[in-house]
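Participant: Take the given structure of chain Y and dock chain D to it, following the hints.
Those protein sequence lines, which keep their order, are chains Y and D. Read in order, the letters of the first sequence are residues 1260 to 1714 in my numbering. Read in order, the letters of the second sequence are residues 1260 to 1714 in my numbering.
It cannot be assumed that every hint is accurate.
Looking from chain Y toward chain D, a few residues come up when the C-beta cut is under 8 Å (computed) [claimed, not checked]:
#, residue
1, Gly1461
2, Gly1468
3, Asp1470
4, Leu1493
5, Gln1499
6, Gln1543
7, Ala1547
8, Gly1561
9, Met1562
10, Thr1571
11, Lys1572
12, Gly1657
The calculated DSBU-like cross-link candidates involving lysine-lysine, where the alpha carbons are at most 30 Å apart (straight line), are [stated by the list, open to error]:
#, chain 1, residue 1, chain 2, residue 2
13, Y, Lys1572, D, Lys1627
14, Y, Lys1572, D, Lys1360
15, D, Lys1572, Y, Lys1627
16, Y, Lys1572, D, Lys1699
Quick list of the computed label-pair ranges, beta carbon to beta carbon [stated by the list, open to error]:
#, chain 1, residue 1, chain 2, residue 2, range
17, D, Pro1688, Y, Ser1533, 49 to 57 Å
18, D, Asp1506, Y, Glu1513, 41 to 49 Å
19, Y, Lys1429, D, Arg1606, 39 to 47 Å
20, Y, Gly1568, D, Gly1647, 44 to 52 Å
21, Y, Gly1568, D, Glu1311, 22 to 30 Å
22, D, Pro1681, Y, Glu1569, 42 to 50 Å
In case anyone wonders, no lab produced these hints; they're calculated from the structure. The beta-carbon is built from N, C-alpha and C at its ideal position, and this holds for glycine as well.
Protein chains: 2
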Amino acid sequence: MTNEAINYLKENEDRLLAKLNEFLAIPSVSTDSIHKPDVAKAATFVADYLNEIGFSEVEVQETKGHPLVYGAWNGAGADAPTVLFYGHYDVQPADPLELWKSEPFKPEVRDGRLYARGASDDKGQVFMHLAVFEALMKTDGKLPINVKVCIEGEEEIGSENLYEILNDKKQQFAADFCVISDSGMVANDQPTILYGLKGFTGLEFTLHGPDNDLHSGVYGGAVRNPAIAMAHLLASMKDQNEVVQVDGFYDDVEPLSTEERQLINEVPGEDYTSLGIPETVSEQGYTAMEHTMARPTLEINGMFSGYQGEGTKTIIPSSATAKLTCRLVPGQDPEKIQNLLVDHLKRHVPAGVTLEIKREPLSAKAYKVDPNNPLIEQAATSYKQGFGKDVVYVRMGGSIPVVEWIDSLFQIPVVLLGFGTPGDRLHSPNESFPLENFTKGMETLVYYYKQVKKA
Amino acid sequence: MTNEAINYLKENEDRLLAKLNEFLAIPSVSTDSIHKPDVAKAATFVADYLNEIGFSEVEVQETKGHPLVYGAWNGAGADAPTVLFYGHYDVQPADPLELWKSEPFKPEVRDGRLYARGASDDKGQVFMHLAVFEALMKTDGKLPINVKVCIEGEEEIGSENLYEILNDKKQQFAADFCVISDSGMVANDQPTILYGLKGFTGLEFTLHGPDNDLHSGVYGGAVRNPAIAMAHLLASMKDQNEVVQVDGFYDDVEPLSTEERQLINEVPGEDYTSLGIPETVSEQGYTAMEHTMARPTLEINGMFSGYQGEGTKTIIPSSATAKLTCRLVPGQDPEKIQNLLVDHLKRHVPAGVTLEIKREPLSAKAYKVDPNNPLIEQAATSYKQGFGKDVVYVRMGGSIPVVEWIDSLFQIPVVLLGFGTPGDRLHSPNESFPLENFTKGMETLVYYYKQVKKA
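Chain Y with its partners taken away, still in its complex shape:
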C-alpha cells in the first residue's frame, strides 16, 4: 500500500508540481492589505484541495484578520490516532523585488530547486502533506489515520487570531498529536527532528539623566552620564563568560543530561566562521551547540544614547535605552524571568539616573518533547526510510508561538518535521526549495502517516 501511494506521487509528479505552482502563484502576503483578496484566494485553494481529496468536513473560518482553513477526515476508526496538521498559507512580502532572479510569484525551477516566495515557508511544505493525503486516499480509498487540518493565514503577522480560535474550538481541533512542517534540516539531506524550542521574554529600559543633553565640559564630573550608567547596568546582567548574573535566572532550568549533550553533539555543527566572526563565545562549560540549543540566553537587541552622527558632539546624553530579550528553556517561566530582570535592574541602577522599564507584553514558554516519545521515534524511522539516513535531533533557540499554544491548550506532543534546507532563503529574495526534498519528504510522510500508532 505504501509503495502504491509513493508510486502515485511519482506518476503524478508533473501534475502535482503544476498544482503547487498554482498555489505559489497566489501572492498571499498577509501583512499587506492590498493582498487581502489574494490571501482569501489562497485559503480557498486549500479548502478546495481538501474537498477534492475527500475530507468530510471543510470550513473556511473567518477571523478578525485572514481566514483559517479547517478540515477533518474521521474515517480511520477509534483505534487509529488523530493527527492535527498545522501549517500556514500566508507568505512574507517579496520586496526588494529587484533582487529576485525570477519573479517571486511566477515559480521557476533552476538547478533542481523551485524558486518562489513560499516555496519553503510554508506553502511548499503544506502542499506536501496535502499531496500525501491525496495519494493515500486515491490508492487506499481512505487515510490510515484520522486527520484534522488547521492551515492559517496569519503566521507571518504573529498568528494574531489563532490562539483565540484554538481556545474557543478546543473540541473541534482536539487530536492525539500535532505535526508541523515549518522548519528545516540542519544540512541538506540530513533528516532533522526538532524536539525543542526556546521560550521568550523581554523588556526595554531607559536610564534618564538630565532633562536635556548637557555640555560635557561644563557638567562632566557632576552629572552621571546615562550611557556609562547603562554600560555598568548591562555588564552587571551577563558576565564576559556569557553567564547571566541575574539572581535566580538559572534556578528552574532543567539540567542538561549526558544523554542529551550527546544527542546535541551528534548534530553537524554550523560553520559559524561564515558569519564573519573571529570565534564563537558561549556560556562557560557549554559548547556553542549546547548553548544555542539547550541553555537560556539573554541578549541586547538594541541600545542607544546621545549623538550618533558623524564626528564629535561633546554632550552628556539626556538618556540611554536598551532592548533586551531572553530565550528560555524548559522549566523557566517567562513571567518569573521578566520579574527577575526587573528586580535586577531596580537593585543595580547606578546613582544619579532614574530607571524606566517597559515590559515586553509577548512571551512564550519553552517547548520540548521527549525524543524517546514513540510518536517521535516513529517519525525518525519514517524520516530514515524517506531520506536513507539516520535523523539528528535538535533543539532550536528560536520560538514558534503556535507550538507552545498547542502544547498548553491540548497537552499533546508536537512533532516538528521540517524539510527545508539551510539555503532556502526564507523571508529573503530568491526563496526556494529543493525538488528532491519534495520527493523524499512526501515519501517520509507516507511512511509516517501509515505507521504512526496511538501512543
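Facilitator: Quick look at chain D alone, frame taken from chain Y:
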C-alpha cells in the same frame, strides 16, 4: 584721568548704545554663506571704529574664510606693557526665528537687558573694549598701554584659519599678555575670573560582530553580542565611582592644592537639581565643583547598536559603536591620553568581536594661569572696583582652542575677563546682555587698562 574716561562713557552712553546696536544689526552669521557680505560688513565696522579711535595700524586681513581685523597702537612707550585683545565679530545663526520675542538683528532693550544675537557672544563684549579705548583716547589723548587687537570672524565655525595666521604673523601679534572677554560670570553681579580651561581629546570605536544582524534565537549562545561586549568595554573604562580606569590616565595630572580647593569651594555652586537629575555624582574624593573645574573626565557622548525602533526585534546586532571624549587638566597631554585610551581598548576588547578605532583629529591641551600672577591680581582688583564685589576664581570644564593657541604660540598669560551672565542664552533664541554689565564691565576695563603693569 580714570574718572574722566568713566565720565566720558556715561556722557556718551546713548550714542555708544546706538553705535553698538548698529554693530549688532549686521547679521554676521559665519556658518551661512548667504551672510558672507554681512560678515565682511561687520569686519569693516570694527576696522572703521579702530581708525576712528586713532589706532595707528588697522588691517582687514583676508583669510581662506572670513577676514580678521588687526589693529595696533604703540604710543605708550617701551615701559608700558602690550596687550593682545582677542574677540570675534561673527555670530551663531538666529534660527529658530519664531522663538525670538524681538527680531535677532533689531536690538531691543527690555527690562534692563539688550536683546540681540551677539549681544553677549561676542559683539557686545568686543564693543566694550573698543568703547573703552575710545574713552581713554578721547579723555587722555593716548592709551595707557600698547594695544594690539585681533578680532576674528570665524570663532563660531571653529576658528578655522586663526591658528595659521597667528603662527605666520607671530611678530605682528606678539604681546606681553592677552585679554579675552568671551565668557561669563558664575552668577549675576559676581565678578568672575576664569583662570583655567580643560583640554580635550577623543575617539570613536566600533565593535564588529557578525557581518549581519543575526536571529537571536538561532545564534544566541554561539555569537558574542557586540552590544554586551560594548557594555563590558565601556564599564572597564570608568568605574561606578566615576574614577577612570584607563592605565596611566591620572599619571600627569597636577594634584589639586588645598589652596585651590578652597578657591573652588568659594564659587557659588550651580543648582544642579534644576537639570532634572536626582543627585550629582562625582569622582570619589572630589566635590562636583572640584571635578567639573579641575579634574579630568571621560564621557560617552553617543552609543548605538542594533534595533532602535518601537517594540522588539529579536536580533544579535552586527556591531556596536561608542563616541568618547575626555576633558583634560594641566599636565595631561592629549595625544598621550588618546594613546592610553587606544591601548586600553585593545587590551580589553572581549573575545568574539573585532575592534575598529577612529581617533578624533581635534585636540587641545588644558590651559591654566596662576591666579596669583600679577596680571590676574590686577584684573581682580579692577573687577572689584567696577562691580564693588570680590571676584571668584573659576576653572571651566570647557575648552576654548584660541586660548591654548595663544598660550602655546606666544607663551603669555591669557586673562579671561568675562562679563556675560548665566541668563544670556548664548547660541539660543532671545540672546541678551544686561545693560548694567556694559557699564560696570567698561568701568572694570578702564581701571584695568590704566593700572596693569608689565609682569
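Participant: Does each hint hold? Answer for all of them.
Facilitator: Right, here's what the structure says about each hint:
Nearest Cβ of chain D to the Cβ of Y/Gly1461: about 6 Å, under the 8 Å cut. The hint holds. Among the interface hints, the one on Y/Gly1468 holds; its C-beta lies about 6 Å from the nearest C-beta in chain D, closer than the 8 Å criterion. Below 8 Å, beta-carbon pairs count as interface contacts, and Y/Asp1470 has one with chain D at about 4 Å; its hint therefore holds. A distance limit of 8 Å between C-beta atoms decides the matter here; for Y/Leu1493 the minimum to chain D is near 4 Å, and the interface restraint holds.
At its closest, the beta carbon of Y/Gln1499 sits 6 Å from a beta carbon of chain D; the interface hint therefore holds under the 8 Å criterion. Interface restraint check for Y/Gln1543: the shortest CB-CB distance to chain D comes to about 12 Å, outside 8 Å, so the restraint is violated. Hint status for Y/Ala1547 relative to chain D: holds, with the closest Cβ pair at about 4 Å, below 8 Å. Residue-level restraint check for Y/Gly1561 holds (minimum Cβ-Cβ distance to chain D is 4 Å; threshold 8 Å).
Of the supplied interface hints, the one on Y/Met1562 holds, with its beta-carbon coming within about 5 Å of a beta-carbon of chain D, less than 8 Å. Here the hint on Y/Thr1571 is kept, as its CB sits about 6 Å from the closest CB of chain D, short of 8 Å. Nearest Cβ of chain D to the Cβ of Y/Lys1572: about 6 Å, under the 8 Å cut. The hint holds. For the restraint placing Y/Gly1657 at the interface with chain D, the shortest Cβ-Cβ distance is roughly 3 Å, inside the 8 Å limit, so the hint holds.
A distance of roughly 24 Å separates the Cα atoms of Y/Lys1572 and D/Lys1627; the hinted pair therefore holds under the 30 Å criterion. Only pairs whose Cα atoms come within 30 Å are accepted, and Y/Lys1572 paired with D/Lys1360 is accepted, the gap being roughly 29 Å. Annotation: proposed proximity of D/Lys1572 to Y/Lys1627 holds, straight-line Cα distance about 24 Å (limit 30 Å). For the proposed pair Y/Lys1572 and D/Lys1699, the alpha carbon gap of about 35 Å is over 30 Å, so the pair is violated.
Here the CB-CB span from D/Pro1688 to Y/Ser1533 is close to 55 Å, well matched to the stated 49 to 57 Å. A C-beta distance of roughly 44 Å is found between D/Asp1506 and Y/Glu1513, which places it inside the suggested range of 41 to 49 Å. In this structure, Y/Lys1429 and D/Arg1606 break the distance hint of 39 to 47 Å, their C-beta atoms being roughly 60 Å apart. Checked against the hint of 44 to 52 Å, the C-beta distance between Y/Gly1568 and D/Gly1647 comes to roughly 47 Å, which is consistent with it.
Look at Y/Gly1568 against D/Glu1311: about 45 Å separates their beta carbons, and that is not inside 22 to 30 Å. Look at D/Pro1681 against Y/Glu1569: about 31 Å separates their beta carbons, and that is not inside 42 to 50 Å.
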